[in-house]
Amino acid sequence: MKKTKFIILIIPLILIFFNLSYPQEKPVPLPPIEVKAFDTPNDNGHSLSVTWKLSPDDGAGKNNVVAYEILRAESPEGEFEVRGMVPSGENLFDDKGSREKEDKNYLPSHKNYYYKIRAKADNIFSESEVSNPAFAYGQWYHTGKTPVLAGVIIFSIFALTFITLARKGKKLYIRPLPGIEAVDEAVGRATEMGKPILYVLGLGTASDIATIASFTILNRIAKITAEHRTTILVPCYDSVVMAAAQETVRAGYLEAGRPDIYKEENVFFVTSMQFAYVAGVNGLMLREKPATNFYLGKFYAESLLLAETGSIAGSIQISGTDEIAQIPFFIAATDYTLIGEELYAASAYLGKEPVLLGTLKAQDWGKAVVIICLILGALAASFHFQFFLNLFRVQL
Amino acid sequence: MRRTLPFALVTGVGFFMLVQYFIPKEEFEIAYEWILDWTIVIGCFAMLLGLWSLTRVNISKVQRKTPGWGYSLIAIAGLVFMLLVGFIPGQKSLERGSTFMLLFEYIYIPIQATMFSLLAFYIASAAYRAFRARTVLATILLLSAIVIMLRLVPLGPLSAVNQWLANFILTVPNMAAKRAFWIGVGLGVTATSLKILLGIERTYMGRD
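So the sequence lines, in the order shown, correspond to chains A and B.
Numbering-wise, this note's numbering comes out as the position in the first sequence, counting from 1, plus 92.
Numbering-wise, this note's numbering comes out as the position in the second sequence, counting from 1, plus 17.
Think of the hints as simulated: they come from the structure by calculation, not from any bench.
Keep in mind that a hint or two might mislead.
[As the list claims (entries may be wrong)] Reference excerpt, derived from the structure (chain A facing chain B, CB under 7 Å, subset only):
| id | residue |
| --- | --- |
| 1 | 135 |
| 2 | 171 |
| 3 | 175 |
| 4 | 231 |
| 5 | 239 |
| 6 | 331 |
| 7 | 336 |
| 8 | 370 |
| 9 | 379 |
| 10 | 397 |
| 11 | 433 |
Treat the numbers as computed from the prediction; the structure is a model and nothing was measured.
Glycine residues also receive a C-beta, built at the ideal position from the N, C-alpha and C atoms.
Taking the hints into account, I'd like the entire structure generated from these sequences.
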């Protein structure tokens, strides 16, 4: 009896199961149309792009398209291979190839390729017509970077104009910077106390602009220290930076007419490991008790560790960096801080050379242009004046 | 000559780097990568300079028995020891489990982590100095900091107000200041680059 009941129950279940798992007849989506292949603009010549008109069943009609598969072949009748997939609703695909011949993704320049697009609905699909032939080639100018080029040209014109004016003897007013005004006082203090000055260039490499700006300040400070016969210690994080810093300090001593008191070992390499460097420099501060510490360049998490130790050692501290995250630490822990652009301006302030002051004035004019553009941009965005906003759009 | 040749190199490479930014062509891309490879090669050779400087400075300190010469002795000993460990026969020093890597993982990394941990205490002492309400600006800073710090703390009915205020501080005055900072830095970087390219600023090359 129990057996009969079991059979009666199981037979309908088996039937239901097979009915559910049996492939349902699903409608095939209509294929995409107007498939166009063309060279990807602003590239190195190893990429092609494809566009198409969406399948009528994408977002409408049977509404069953889930994705588009992009296929490529070397001839219209050739074997098409899948190059990628985009979700439904999208109608652009960049077929980015490699420029390396050994790479399996290699896409040569100046060779025709054909594309087909598959509109996929689960396991069934429909294919478009084959596209026009297209070949990839590199461009001589990246049109997406035109706003950057315009900015560079405008700024260069400002700089060259003010440099010429400064050379002709025009007096240029520059806002005083307290951190720079304090340099003479800081060096004088070290001289009176008979203690050295510590100059930290940060963790930047010689290719960082902040480090290069720091070199120029180091040169001016080295000159002042040479005039006062005060020792300057420069512990370096990078050996290329060390080599450049040695030359910079040597130049400062030469300009002061005191090459005889220059000691190469005062500009030395510590280590290229961040916290080991901090330990080395902190140890130096606590042993030597420098009268003044300069932290100018690129700084990361070590900024506060250095500045607080300098504070404990009782040194006057002048800092400056273009790393926004470290600025609050420097402001909290040091006496004077050069914020961002002031780091780049400092060398011109110290040198007072008309040519350098000219570039500073150009920076001010550059800022004026930026402020005007910001106001106009805000108005254009408010009144949906898209053309003006597009002028500033940069594509990388 | 000692400055002319480096200056010509800097100007030539500098202008090339500027121009290649606007030219996506393959040849320029290859040249750009080639120059970057050179900086790595130069960096490797400069490492020897660094090693020489480190050894010379520390040996000199030990010889002259300057204050703290013991640290220099430890630095030299550590350098020599790690060099020797790196050359132990039958071991690939950079492989996991090698003596070199064991020393690195169980001595160097914990010491480094300890140094980094000190930051927490230094932040506390620096914050104490920064947040003392001595001036109007310092008071504004203190109040803003309180609002920002409390934004993740449940404050009952005050939570919504505090959240709104914290969000306002972060997205309006804070973001405005950050953007002004970045614009200034961008202009400063451009000005400095221009000075280097035109040869106005070349102190880093030394003097003849």
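Problem - Structure versus earlier hints - violations, ascending order - result: 2, 3 and 5
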